[in-house]
Every structure is written in C-alpha cells, then in structure tokens.
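There are 2 protein chains.
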Amino acid sequence: MVDIFKRYVLDHAEVSEDEFAILESASHIRKLRKRQYLLQEGDVCRYHCFITKGLLRTYSVDDKGNEHIIRFAMENWWISDRESLVNGTPSKYNIDAIEDAEVLLFAKADMNMLMDKLPVFKKMISDILDKSFITSQNRINEVISSTAEEKYHNFVQRYPQFALRAPQAMIASYLGIKPETLSRLRNKR
Amino acid sequence: MVDIFKRYVLDHAEVSEDEFAILESASHIRKLRKRQYLLQEGDVCRYHCFITKGLLRTYSVDDKGNEHIIRFAMENWWISDRESLVNGTPSKYNIDAIEDAEVLLFAKADMNMLMDKLPVFKKMISDILDKSFITSQNRINEVISSTAEEKYHNFVQRYPQFALRAPQAMIASYLGIKPETLSRLRNKR
DNA sequence: GAAAACAATTGACAAATGTCAAGCGCCTCA
DNA sequence: TGAGGCGCTTGACATTTGTCAATTGTTTTC
Numbered sequence: 001m002v003d004i005f006k007r008y009v010l011d012h013a014e015v016s017e018d019e020f021a022i023l024e025s026a027s028h029i030r031k032l033r034k035r036q037y038l039l040q041e042g043d044v045c046r047y048h049c050f051i052t053k054g055l056l057r058t059y060s061v062d063d064k065g066n067e068h069i070i071r072f073a074m075e076n077w078w079i080s081d082r083e084s085l086v087n088g089t090p091s092k093y094n095i096d097a098i099e100d101a102e103v104l105l106f107a108k109a110d111m112n113m114l115m116d117k118l119p120v121f122k123k124m125i126s127d128i129l130d131k132s133f134i135t136s137q138n139r140i141n142e143v144i145s146s147t148a149e150e151k152y153h154n155f156v157q158r159y160p161q162f163a164l165r166a167p168q169a170m171i172a173s174y175l176g177i178k179p180e181t182l183s184r185l186r187n188k189r
Numbered sequence: 001m002v003d004i005f006k007r008y009v010l011d012h013a014e015v016s017e018d019e020f021a022i023l024e025s026a027s028h029i030r031k032l033r034k035r036q037y038l039l040q041e042g043d044v045c046r047y048h049c050f051i052t053k054g055l056l057r058t059y060s061v062d063d064k065g066n067e068h069i070i071r072f073a074m075e076n077w078w079i080s081d082r083e084s085l086v087n088g089t090p091s092k093y094n095i096d097a098i099e100d101a102e103v104l105l106f107a108k109a110d111m112n113m114l115m116d117k118l119p120v121f122k123k124m125i126s127d128i129l130d131k132s133f134i135t136s137q138n139r140i141n142e143v144i145s146s147t148a149e150e151k152y153h154n155f156v157q158r159y160p161q162f163a164l165r166a167p168q169a170m171i172a173s174y175l176g177i178k179p180e181t182l183s184r185l186r187n188k189r
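Chains as they are written, first to last, in our numbering: chain A, 1 to 189; chain B, 1 to 189.
In case anyone wonders, no lab produced these hints; they're calculated from the structure. Worth double-checking, as some hints may not be accurate.
Identical copies carry no separate label here, and so any pair may be met within one copy or between two of them.
Said to hold, decoys possible - Listed below are the simulated EDC-like cross-link pairs for lysine to aspartate or glutamate, each with C-alpha atoms no more than 20 Å apart in a straight line:
(1) K92 to E150
(2) K122 to D11
(3) K64 to E142
(4) K108 to D11
(5) K92 to D130
(6) K92 to E142
(7) K131 to E19
(8) K108 to D127
(9) K34 to E102
(10) K64 to E99
(11) K178 to E150
(12) K64 to E150
(13) K64 to E149
(14) K178 to E149
(15) K6 to E102
(16) K188 to E102
(17) K31 to E75
(18) K123 to D110
Let's have the full structure, built from the sequences with the hints guiding it.
Right under this line is the structure:
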C-alpha cells in the first residue's frame, strides 16, 4: 500500500530514501469499504488523500436529491475538497468509495510541514495542482461545447478505467445527463 | 495602468517598493482594441497577463464554427492559457478583447525569475492558482447540475460586472446555451 | 449621414433530453 | 437459497433547448 505511494513519489520527484521516510511517517492509512464516506457534505476536509487502491468519487447533491459527480479518482490520484481544506469551511461535496479502497491521509498541517521541509515534494504537489486546473478548464470547455454523445465518447477515451469500473448511472451523473439518456445513446438511439 | 497593478500587488502580498520595481521592470504594457486577439488558437501562449483595463474572454471554436466561452476576465484578473504556457504547446483557445483593454505582459522566463527572487510573489501566484482551481471545480458542479435558468441567475449574481459588460450572446456562450434560449428565459418564456 | 454590421427578440417547428413506469437479469446477504 | 435490491434497458410521452428565418432598433464605419 505504502509501496504504491513510494513508487509514485519516486517517479514524480527526486526524493531520497530518508526523505521518503519523512513523508511516510506523516501519513496514515485508511481503509474504506464500498459506499463508505471519506468526506461528507457539511464536514470540514482535513486531509490531503492519496489513493493506493480502489475507485472514489466526489459528488454534490442538489435540492431534489440528485447526485452530480464532479470527479472520479483511483490509484495514484490525490483526492480532497481543496476549497474546504484550504479555507477550513464546511464542504459542499461528498467523497465516497465506489469500490473497496485504501487511502493515505496527510493532515493539512503535516502537509504544510512536508512541503516546507522538502521543496521537491512541494514542487510535485504544485505541479499536480497546475495540471488539475488545466484538466478542469478542459472539462469546462467540453461540457459547454459537446453533445451528450461526444461527452460520453471523450470520457471513455480519456478515462477507460473509469468507464470500466464505474456503474453507468454514475458515468451519466459525471456527464450531466440521465442514466436513461446514456443507456439510449450507448445502444445507438 | 501600472498603478492598478501596483495596488493589486500591495493588496495581495507583502512586497516593498524596491521589490515592486523589479516586478514592474519585468512587465511590458500591451494595449488591445476591441476584438483584438491576445492569443490565437494554434499559437503558443508565452505570457502571463495581468489586466489593468477592459474585458477579455477565453474561448474555443468547435467544428461547426461555434464559439464557446471558457471564461471572462477583467481589471485585476490574470489571464493566459496555462496549458499552452506551461507545456509550450499550441493553444486550443483564443483570447481576445471584448472592450478596448490594457494588459501587462510577463514572459514565462521572467515570471519564473520573479517567483524565484520574490517568494511572497510566488506565494501570491500559487494562491491565485489554488483559487482558480476551486472556482473551476465549482463551475463544473454548476454546469452539470443546474438548469439553464439557474445557471444564468447564478452567473448574474456571481459576476454582475460581466453580466453588464458582455453582450448577451457571449453570456449564452459562457453558459453553454444558445442566444435565443437565453433571450427567452430572460423574458420569462 | 447612409449603408452595413451587430444585438436582441420572436415565431414556428425540429431535435435532444428528461420523466415515469415497467421489466429483466444478476448479485448479495441474511 | 430465495427475496430484495441494484443496474440497466425500453416504451410512451412531456419538457427543454436548438434551428432557421424574419424583424427591429442600435451601433459602427466610411
């Protein structure tokens, strides 16, 4: 489990064994069962989370009780609600496990300490944020400019893992369409 | 023009007069006329741009020639295509002026130099990126979970300036709907 | 100052997507 | 092991949004 994280860090930053030990010592493992929350709407997000196993989702729930999936995340992805984490405000979102999962938690203060102590780690995290921003800009572009069918095909191509591992109703929710609509367009009208 | 930038920097970071002089010396001014491009699809984005005057937009153009506005930006906002800027790849987007505008340009290398030299400036820029990411996550949430009418009302409330200064057809484009649809829902069906 | 371009609206109709209800197969878990 | 729940599909119909064309008033441009 920690091995996964180790490989990830060594692949993304020039971190020595000793430095990695510092990272490891600041983390703790949490196991999640399918459907278990990692973060619940209204709670304050206190951890940066690195996924070592499983599939998770971030979603909101509207007035009518409909869920809307903001993003999926799996092994080697980070997940948290940055808005809540950075500002210390109650989260608008839920994060839960779609499959049984394992995550490494890094408390906010520990994370700040680690980034101060290890500039290469800080750089790695900043680069991830940069990429995340670019990704979400591109998603905005897609969601306002594509038809339901185009969105679905792009999704399958970009994220084949998610397409295989997430139930169709969740994919529909991610795309902003109804499960029935997705079912129909998959079976060509 | 530079005054606007100075006030902005002093409001957002603990920068001395001398340090500000360094920032200023790395910038150059560009004036844009309405409809003039700051960045054109296919070109590589080479500058971080700070807007001192006017209203700009970032947009994509699809196969059918339809424009889709990714974002608006005005005085005291930064604008660029980070994907192109960071990776040095041709941009998928266009940036142009909706009103006559003035921007301060900071070349990529200069910006990196400034961030190395002035940690408080680097912090300021990182914080902006962090906020931008949060904002785009929230926009994704909204765009997949709201009706056209809700999107419009939220837009007007969140960005009254843009609602007043941008033509309706552009607001529709930002919201991902047709101008006719926006016109109709504004005039209550 | 006239001609052209632009911005917004409206109507009639078409296409896309949502809603509700029913049905089917498969998994799971008590 | 069997009852219920879940995931997906399908049909009939409602609603929303898009398309195209015409109209009007306003701005831009020469």
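Quick rundown of the hints versus the structure:
1. K92 to E150: between (28 Å within a copy, 17 Å between copies)
2. K122 to D11: within (15 Å within a copy, 25 Å between copies)
3. K64 to E142: For K64 and E142, only the inter-copy Cα distance (14 Å) is at most 20 Å; the intra-copy one is 25 Å.
4. K108 to D11: Close neither inside one copy (23 Å) nor across copies (26 Å); limit 20 Å.
5. K92 to D130: between (22 Å within a copy, 17 Å between copies)
6. K92 to E142: For K92 and E142, only the inter-copy Cα distance (12 Å) is at most 20 Å; the intra-copy one is 23 Å.
7. K131 to E19: Classified as neither: same-chain Cα gap 24 Å, cross-chain 29 Å, threshold 20 Å.
8. K108 to D127: both (18 Å within a copy, 16 Å between copies)
9. K34 to E102: within (11 Å within a copy, 53 Å between copies)
10. K64 to E99: Neither way: K64 and E99 sit 26 Å apart in one copy and 40 Å across, limit 20 Å.
11. K178 to E150: Both ways: K178 and E150 sit 15 Å apart in one copy and 18 Å across, limit 20 Å.
12. K64 to E150: between (27 Å within a copy, 14 Å between copies)
13. K64 to E149: Between. Shortest inter-copy distance 16 Å satisfies the 20 Å Cα cut-off; intra-copy 25 Å does not.
14. K178 to E149: both (12 Å within a copy, 19 Å between copies)
15. K6 to E102: Close inside one copy (15 Å), not across copies (47 Å); limit 20 Å.
16. K188 to E102: Classified as neither: same-chain Cα gap 37 Å, cross-chain 50 Å, threshold 20 Å.
17. K31 to E75: For K31 and E75, only the intra-copy Cα distance (13 Å) is at most 20 Å; the inter-copy one is 47 Å.
18. K123 to D110: both (16 Å within a copy, 18 Å between copies)
The earlier numbered hints that this structure contradicts are 4, 7, 10 and 16.
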